[in-house]
Amino acid sequence: MPPKKPQQQQQQQQQTSGQGRGRGRGSSAPRQQPQQPALSQQQQQPQQQGGGGGGTGRGAVEAQPAQQGPVTQQQQQQQQQQPAHPTPPAPAPAARAAPPAAPAAQQGEAMMRRVQERLATVPYLTQSFVCRPGFGKVGTPTKVIANHFKFTKMPNATIYHYDVVVDPEPSKTVMAKVWDQWEATHGAQARAVVVFDGVKNAYSPHDVPAGEVTVTLPPNPDAPPTRRTPKDFKVKLTKVNELNLAVLDAFIQGKAGIDEHILTCIQAMDIAFRHSAGKTMVASGRNFFVRGSNPAPLSGGLELWSALFQSVRPGNGVMTLNVDTACTAFYKAIPVVQFAHEALNQAQLRPTKSSLIVIATHRRDSKLRHRVLRLSREGADRCMFTYTPEGGAPQQLSVAQYFKIKYGILLQNPKLPCLVVGTPQRSVMLPMECATIAPDQKFRGKLDEYQTSEVIKIAAKGPNERQAQIIHLFGTLQLKYLQAFGIQVNTQPMAIDARILDAPALAVGGDRVNWPRDGAWNFDNMRVANPARISALGVLSFCGPRRASQNQVADWMDEFFETAEGMGLGFNPNKGTKDKYPIQFARSNPEGVEAALRAVYQATGNTFKQDPELIVCLLPAKSTAMSAERANVQYWANVALKVNTKVSGAYINFRLAQSRFFTESTMLVGADVTHPAPGTHQASIACMVGSLTGNSADRYATVTWQQPQSRQEELGDCKGMFAQLLRAYNAKNNQSFPKRILFYRDGVSEGQFVAVHQTEVKAIKDVLENAGAREIRLTFVVVQKRHHTRFFATNPARDTDRSGNLKAGTVVDRGVTDPVNFDFFLQSQAGLQGTSRPTRYFVLHDDVGWTADDLQMFTYHLCFTFARCTRSVSVVPPAYYAHLACFRARHHATGGIDASETASVYSTGSGGAGEPAAFPMVSTKLKDSMYFM
1 MPPKKPQQQQ
11 QQQQQTSGQG
21 RGRGRGSSAP
31 RQQPQQPALS
41 QQQQQPQQQG
51 GGGGGTGRGA
61 VEAQPAQQGP
71 VTQQQQQQQQ
81 QQPAHPTPPA
91 PAPAARAAPP
101 AAPAAQQGEA
111 MMRRVQERLA
121 TVPYLTQSFV
131 CRPGFGKVGT
141 PTKVIANHFK
151 FTKMPNATIY
161 HYDVVVDPEP
171 SKTVMAKVWD
181 QWEATHGAQA
191 RAVVVFDGVK
201 NAYSPHDVPA
211 GEVTVTLPPN
221 PDAPPTRRTP
231 KDFKVKLTKV
241 NELNLAVLDA
251 FIQGKAGIDE
261 HILTCIQAMD
271 IAFRHSAGKT
281 MVASGRNFFV
291 RGSNPAPLSG
301 GLELWSALFQ
311 SVRPGNGVMT
321 LNVDTACTAF
331 YKAIPVVQFA
341 HEALNQAQLR
351 PTKSSLIVIA
361 THRRDSKLRH
371 RVLRLSREGA
381 DRCMFTYTPE
391 GGAPQQLSVA
401 QYFKIKYGIL
411 LQNPKLPCLV
421 VGTPQRSVML
431 PMECATIAPD
441 QKFRGKLDEY
451 QTSEVIKIAA
461 KGPNERQAQI
471 IHLFGTLQLK
481 YLQAFGIQVN
491 TQPMAIDARI
501 LDAPALAVGG
511 DRVNWPRDGA
521 WNFDNMRVAN
531 PARISALGVL
541 SFCGPRRASQ
551 NQVADWMDEF
561 FETAEGMGLG
571 FNPNKGTKDK
581 YPIQFARSNP
591 EGVEAALRAV
601 YQATGNTFKQ
611 DPELIVCLLP
621 AKSTAMSAER
631 ANVQYWANVA
641 LKVNTKVSGA
651 YINFRLAQSR
661 FFTESTMLVG
671 ADVTHPAPGT
681 HQASIACMVG
691 SLTGNSADRY
701 ATVTWQQPQS
711 RQEELGDCKG
721 MFAQLLRAYN
731 AKNNQSFPKR
741 ILFYRDGVSE
751 GQFVAVHQTE
761 VKAIKDVLEN
771 AGAREIRLTF
781 VVVQKRHHTR
791 FFATNPARDT
801 DRSGNLKAGT
811 VVDRGVTDPV
821 NFDFFLQSQA
831 GLQGTSRPTR
841 YFVLHDDVGW
851 TADDLQMFTY
861 HLCFTFARCT
871 RSVSVVPPAY
881 YAHLACFRAR
891 HHATGGIDAS
901 ETASVYSTGS
911 GGAGEPAAFP
921 MVSTKLKDSM
931 YFM
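Its first residue numbered 1, the sequence shown is counted upward by one per residue in this note's numbering.
Don't take each hint at face value.
What the hints assert, rightly or not - What follows is a list of derived Cβ distance ranges for each label pair: (1) SER736 - HIS892: 29 to 37 Å; (2) ASP502 - GLY570: 33 to 41 Å; (3) GLY570 - GLY605: 44 to 52 Å; (4) PRO168 - GLN189: 20 to 28 Å; (5) PRO573 - GLY605: 53 to 61 Å; (6) CYS869 - CYS617: 16 to 24 Å; (7) ILE409 - THR280: 33 to 41 Å; (8) ARG444 - LYS236: 28 to 36 Å; (9) ILE409 - SER299: 29 to 37 Å; (10) SER648 - SER299: 42 to 50 Å; (11) ILE405 - GLU591: 21 to 29 Å; (12) PRO439 - PRO209: 54 to 62 Å; (13) LEU926 - ARG814: 42 to 50 Å.
It is worth saying that the hints were derived from the structure and are not from the lab. Using N, Cα and C, we set each Cβ at its ideal position, and we do this for glycine too.
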């Protein structure tokens, strides 16, 4: 195989043929025939070396970065990235032909997952955006501890970059074994330290002789005796680049912009750390799990593993190693019968993107691994197939009979369904009791509500405990490979300058001002600033008349009316809103929930001779603390806040408190994309919200859109969505436009900054141009919660709240922030449980020229305007509202797509390109209201 050019190497995806392990071979039955049971030694297909779980598709893509130098926004180059194309799968080393390659959509999806995983290693991709205007000065100065460890010695020597090609192309598991063998033999002979990313790229501080060598893996002890033979692989190293690490110093000092050379240097150091951790831990994505640790049990046949997260990050003036704790659900390595008993859910054994792998236990001389496709419809005693013994006539046998005749195994649970394992083209049936769950398998499905609650309880560690655990995890790292590269890291986490910003004064009803403390305030005896007026409402109870009679419902509504009126909300006395409202019970309607809602809507309209403004639903709560039966004034006050927001009211007058930021009319916009749960094939949904007045932050209009491709993060119709919001603003403000737009975009990873900048910022500019409003100044800020940076107090007595977390308003724009670009971390919320996560704000575009102090202060103060609670929130409300609108839109989608809280940041799945399917749009009566609250 000829050596590839470096650019070709970075755009190539490697894909295996997806063959399973231990499939039956000797069956003469056509594919339409019933699946065969696990076959004898003579009938089985030769086992691929390594015995790993069968044939998952793999791919690797390296982005081809653009060349960039020191930057201002006007000097940025807008370079489109080259699309990466997968190479054809290598032929499988099997006696029969390999099954056809995965569909193009699945290949493309696997490619994109690999692209994102590779790009997550390095920040900022191929360009700089908005240069930092300076550091903030406003607020009370303090120091915080970050979970970043500073490089005390930066290598300035040359690192050699090699392309690695292994033939035949192995699975990911076997690839690791091949490289370990190469490292133990040829690497030792060359007296060189070489680190490998497990796919295509190797780096070394030594000039290793290039060329091709043969690596022999020892026999696989898990294979049957007749197939325990060594296997040869050809490993070819081709030098593609020599990297001078001295250029990193100019970058982290802010004297140079990002370019391909710097990206590759950062990636090389990151791989050196990952290579070191991978020697003693189980790697899964960006996390490393310690074998032999004590996992926490979860329900449903799962357990929670604790992990180490690490990533090399360029900071402001320093290179750092970001170390954090993580946790992930794994399958328990238990018998399948026990797993089925614990899970009590066949869906967990159905095909997923990475199906469950089991180990067959019916043979003493081997431990074959099989990939589960599905469960059989019948039990093992009724799953029939045609069996032809050697020298005998064909006969019909059940799987249970076959195992008794062939292996002398009398099944104890013959009524249980069989595991259908192998591939869709050639599958066999294996009794449940003859298999165990293979160890070290990450659970890739969606946890149910109870499991999620269990994870939160286990993973929620306070700041002191988390900080101690991080320092302990750092101490477990082996630094042999790092020392060979000339890297030294401080053993103590970084101390960084920070500031605590003052909370805003909140103007509420009656010309009163509320002063928050520790990110919260008391709304007792307060009135909302802009109360709603409600004339027509109805009540629908899902509790049933036995649990909650009509009189009880009326009593609860009286309590709600009393509390809401005390807060300033009005109910039309002329129409008898508090007396004539209809009460209906959902269970009395045999046609279901939707029919019950339509019925109460119609009844309310008939009663008040107008369209209903509010339907109150009473639900049978799981927790008595949240039920109307035990509701107190605080509970009804929280309900009243939500109702006031839904019906176009506002409880805080942000304009009065923050007039200095509204010297010019400003439109606030938030956008987010929510993706379906892992393993599903539903559409992604985008939402955009925009404020309707230029001098306040309390009313937002909403636009929803179904993405043309599942898992697409860039807004599929950014131009159309923003144009709708701009028209709504124009209509509400006497046909005038805002002077400036502040756009908060949620859910964009660093690997997507360039694409979002090139598509969404351009789309917004095009809309302004077409509207004849090109003079409007745009600021576009990415909001990131999906990161691993945490901060801890150096002086807990002074700088923490009651939860032990840093006080609300803590802002950090030094040390661990970008060397060049305008970004900052803001912990705007008070701690409740565990360790608080700060939000990172990254400015992609700025026509306004915000100072660091003004943008930080304005963003923090906005966090106090979230309309349904009396606390500052962790994410700026425009982005938060967009997230909530996405969550609501998923419920609106055809087919009842179940919502995933892993919105924005959170992805996998598949979907095809093309026009979006029919998607229910928001009613014109509601699109200018905050119906999603």
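To see whether the hints hold, each was checked on the structure:
1. SER736 - HIS892: 29 to 37 Å: Distance hint for SER736, HIS892 holds at roughly 32 Å.
2. ASP502 - GLY570: 33 to 41 Å: The hint (33 to 41 Å, Cβ to Cβ) holds, given that ASP502 and GLY570 are roughly 34 Å apart.
3. GLY570 - GLY605: 44 to 52 Å: violated (20 Å)
4. PRO168 - GLN189: 20 to 28 Å: holds (24 Å)
5. PRO573 - GLY605: 53 to 61 Å: violated (20 Å)
6. CYS869 - CYS617: 16 to 24 Å: holds (20 Å)
7. ILE409 - THR280: 33 to 41 Å: holds (38 Å)
8. ARG444 - LYS236: 28 to 36 Å: holds (33 Å)
9. ILE409 - SER299: 29 to 37 Å: holds (31 Å)
10. SER648 - SER299: 42 to 50 Å: Given about 43 Å between the Cβ atoms, the range holds.
11. ILE405 - GLU591: 21 to 29 Å: violated (55 Å)
12. PRO439 - PRO209: 54 to 62 Å: violated (38 Å)
13. LEU926 - ARG814: 42 to 50 Å: holds (44 Å)
The structure shown violates the earlier hints numbered 3, 5, 11, 12.
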